[in-house]
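Taken in sequence, the protein lines are chains A and B. Per my numbering, the very first residue in the first sequence carries number 1; after that it's consecutive. Per my numbering, the very first residue in the second sequence carries number 1; after that it's consecutive.
The set of hints was computed from the structure by calculation and includes no laboratory data. There may be inaccurate statements among the hints.
Claimed, not checked - From chain A, some residues computed to sit far from chain B (all C-beta separations above 10 Å):
1) Ala68
2) Pro107
3) Val160
4) Gly191
5) Asn194
6) Leu197
7) Glu198
8) Arg213
9) Leu218
10) Ile220
11) Phe223
12) Met283
Unchecked claim - Footprint (simulated), chain A over chain B, 3 or more residues, beta carbon under 8 Å:
13) 113-121
14) 326-335
Just so you know, even glycine gets a beta-carbon here, dropped at the ideal spot from N, CA and C.
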Amino acid sequence: VSADTDLAIDGPALPDLLATPTGRTRAGRGRRPQSIGEWVVLLVLVIFAALFLVPFYVMITAGFKTAAAAGVDHMWRLPSSLSWSGFSAAWTALHANIGNSFEVVIPATIISCVIGSLMGYIFSKLKFRGSNLLFNIILIGMFIPYQSILVPLVRFLAAVGLYGTLTGLALTHVVYGIPITTLIFRNYYAGLPNALLEAAQIDGASTLQTFRRVILPLSIPGFIVTGLFQFTNIWNDFLFGLVVVPDPSKQVATVALNNLSGSLTVNWNVVMAGALLAAIPTMFIYLVLGRFFVRGLMAGSVK
Amino acid sequence: MAVDTSHNTRDIAAKRAAHSARRRRISRTIERHMPKLLIAPWTILVLIFVYGFIGFTVVVSISKWNSFGENLHQRSPWYETYKQLFLDSRFQADLRNLFIFTVLFLFVGTMMGLLLAILVHNVVMARGFFRSVFLFPYALSFIVSGVVWRWLFNPETGVNLLFKVTGVNSALHAAGLKPLHPGWTTDPTVVGSLNGALAKVFPPLKEIGAQLGIPLALIPIVIAATWQLGGFAMAMFLAGLSTVPEEVIEAAKCDGATTVQAYRRIVIPMLRPTLVATLVIFGYTSLKIFDLVFALSGSGPGFSTDVPGIFVYDETFRAFQYNTGAAASVVMLVLVVAVVIPYLARTYRGQEGDAT
Numbered sequence: 001v002s003a004d005t006d007l008a009i010d011g012p013a014l015p016d017l018l019a020t021p022t023g024r025t026r027a028g029r030g031r032r033p034q035s036i037g038e039w040v041v042l043l044v045l046v047i048f049a050a051l052f053l054v055p056f057y058v059m060i061t062a063g064f065k066t067a068a069a070a071g072v073d074h075m076w077r078l079p080s081s082l083s084w085s086g087f088s089a090a091w092t093a094l095h096a097n098i099g100n101s102f103e104v105v106i107p108a109t110i111i112s113c114v115i116g117s118l119m120g121y122i123f124s125k126l127k128f129r130g131s132n133l134l135f136n137i138i139l140i141g142m143f144i145p146y147q148s149i150l151v152p153l154v155r156f157l158a159a160v161g162l163y164g165t166l167t168g169l170a171l172t173h174v175v176y177g178i179p180i181t182t183l184i185f186r187n188y189y190a191g192l193p194n195a196l197l198e199a200a201q202i203d204g205a206s207t208l209q210t211f212r213r214v215i216l217p218l219s220i221p222g223f224i225v226t227g228l229f230q231f232t233n234i235w236n237d238f239l240f241g242l243v244v245v246p247d248p249s250k251q252v253a254t255v256a257l258n259n260l261s262g263s264l265t266v267n268w269n270v271v272m273a274g275a276l277l278a279a280i281p282t283m284f285i286y287l288v289l290g291r292f293f294v295r296g297l298m299a300g301s302v303k
Numbered sequence: 001m002a003v004d005t006s007h008n009t010r011d012i013a014a015k016r017a018a019h020s021a022r023r024r025r026i027s028r029t030i031e032r033h034m035p036k037l038l039i040a041p042w043t044i045l046v047l048i049f050v051y052g053f054i055g056f057t058v059v060v061s062i063s064k065w066n067s068f069g070e071n072l073h074q075r076s077p078w079y080e081t082y083k084q085l086f087l088d089s090r091f092q093a094d095l096r097n098l099f100i101f102t103v104l105f106l107f108v109g110t111m112m113g114l115l116l117a118i119l120v121h122n123v124v125m126a127r128g129f130f131r132s133v134f135l136f137p138y139a140l141s142f143i144v145s146g147v148v149w150r151w152l153f154n155p156e157t158g159v160n161l162l163f164k165v166t167g168v169n170s171a172l173h174a175a176g177l178k179p180l181h182p183g184w185t186t187d188p189t190v191v192g193s194l195n196g197a198l199a200k201v202f203p204p205l206k207e208i209g210a211q212l213g214i215p216l217a218l219i220p221i222v223i224a225a226t227w228q229l230g231g232f233a234m235a236m237f238l239a240g241l242s243t244v245p246e247e248v249i250e251a252a253k254c255d256g257a258t259t260v261q262a263y264r265r266i267v268i269p270m271l272r273p274t275l276v277a278t279l280v281i282f283g284y285t286s287l288k289i290f291d292l293v294f295a296l297s298g299s300g301p302g303f304s305t306d307v308p309g310i311f312v313y314d315e316t317f318r319a320f321q322y323n324t325g326a327a328a329s330v331v332m333l334v335l336v337v338a339v340v341i342p343y344l345a346r347t348y349r350g351q352e353g354d355a356t
């Protein structure tokens, strides 16, 4: 594999993109601690882990409590009997919004990944004069505080008839997702040997043909990583959802959850259960496909 | 006739050849510029959505547009909105909060990440489990964590209830001390005041209406942010640690250093690039902070947890003070750019130098 030197904006190259997640430095299943030092490390980690899990404990137990059992005086108590009432009330309040979120997230994730892979391919393998500079100019788009583009964004969406629609929100996420997806794919393709592309060129394949027949089939790991990363980002967005789609019936899950939380008539345990429901899709991704998620995380961080 | 036909045929063939040569030439030209053509639409879209829109926001920020009806006429002097913005005691409080929050969070968040990474790197069992637990909150939305921590820091329940039910408060009471009952995000206290000292150094600063100290209400937000993003810092440091050869630590130990000393003197200095990267990422995340505060505490009592992100939203979409909101968002942008551009420029220069 030709080591591409162009990894200053650093990310995992092809060989290790699907390897074990970062940090698993020593192989093996582990063993019992043998020295006092090893016990201390383990004990401190157990304490930290317990502290980190406290909010999850509250969310889960709250969802199983009935309204009557959910007084603020016994937040920490386990539910006396298992009831779904917290979760079912939260589901009633949020299920339509969770559906809206999916309606935005799925197309926006797919489209921004496809565009990102095309852009990443060109910025890594078919450089032209000024392409590095152009790439960096595009890249800055992922850092800007989105507050500084909201008013023109709303005007633009209104002008094309997409303000207040989920399509408009998806379009917004696609465009502002391009810098990060381009970055991840660019780093990913930088790890592909140039010989592959040269072979395709000798066979007379055009740029697009090379992309379709050579690059795309090799991109599945890249699509998984970028897709999960984008899914999480877009699902967790709040500001765009809040500003682009104000209509309560069309709101996405994060916006509706925040409204539910601000409502004085809703019991706290329903809010907690709702927080868990709104988090389930990204939690699922993390739990089931965690190693890909960590890869995306590291690939998406400009180091 | 026959001659004519053959002549015609030759003519047509020649024309065809010329035609196809031209087409080949055109298609070769297209093919040569194909990379640019393929990225052009998306690049143009991003350039408009990022740079075009920022340009428009800058125009709004120096305009007279401060009600529902659009008015893009320039104010005079053009910086009037910015001047009023910096004289607004709420925005002053926002900048103070942003500064204090960023400093506290950068310190606590990276230290937590480094500590967890070193522990996870060295634990002999369940390494994957611990790493997953600490990174888990990162998968959540800031709104989810804001909503949950809002209840955990509600003075009537949550953490304060824990002080009661675990007997911490009875023990304090028995010892003749005051029970713990902090107001968390409802506490308007600002500790310390630099106003007097600053005004002595530079008299115009006595105009600052906000008290320049540390708002206690920011502490719960630092805790929530550390809970959510500490795992990310851990993942970064774990990646850094995995590049430190084991022999380095062994060699230090042979020279008589303890593990702690080996880490302090040798390993942690080697993690410098990771530390810088984490600080930059946390820096711009923190300067943009909005959702977490919005859901956890909102503006807080006396704007003690207000941040520019919330200010922009309120001014623009609630008060329709478009020019003020735009000016505040430009200030946010400048702050983020001041953190990101030097870092990107360094990376970019490295890139150009590497490309041989």
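Results of checking the hints against the structure:
{"no.": "1", "hint": "Ala68", "result": "holds (16 Å)"}
{"no.": "2", "hint": "Pro107", "result": "holds (16 Å)"}
{"no.": "3", "hint": "Val160", "result": "holds (12 Å)"}
{"no.": "4", "hint": "Gly191", "result": "holds (15 Å)"}
{"no.": "5", "hint": "Asn194", "result": "holds (13 Å)"}
{"no.": "6", "hint": "Leu197", "result": "holds (12 Å)"}
{"no.": "7", "hint": "Glu198", "result": "holds (16 Å)"}
{"no.": "8", "hint": "Arg213", "result": "holds (15 Å)"}
{"no.": "9", "hint": "Leu218", "result": "holds (18 Å)"}
{"no.": "10", "hint": "Ile220", "result": "holds (21 Å)"}
{"no.": "11", "hint": "Phe223", "result": "holds (17 Å)"}
{"no.": "12", "hint": "Met283", "result": "violated (6 Å)"}
{"no.": "13", "hint": "113-121", "result": "holds (count 5)"}
{"no.": "14", "hint": "326-335", "result": "holds (count 6)"}
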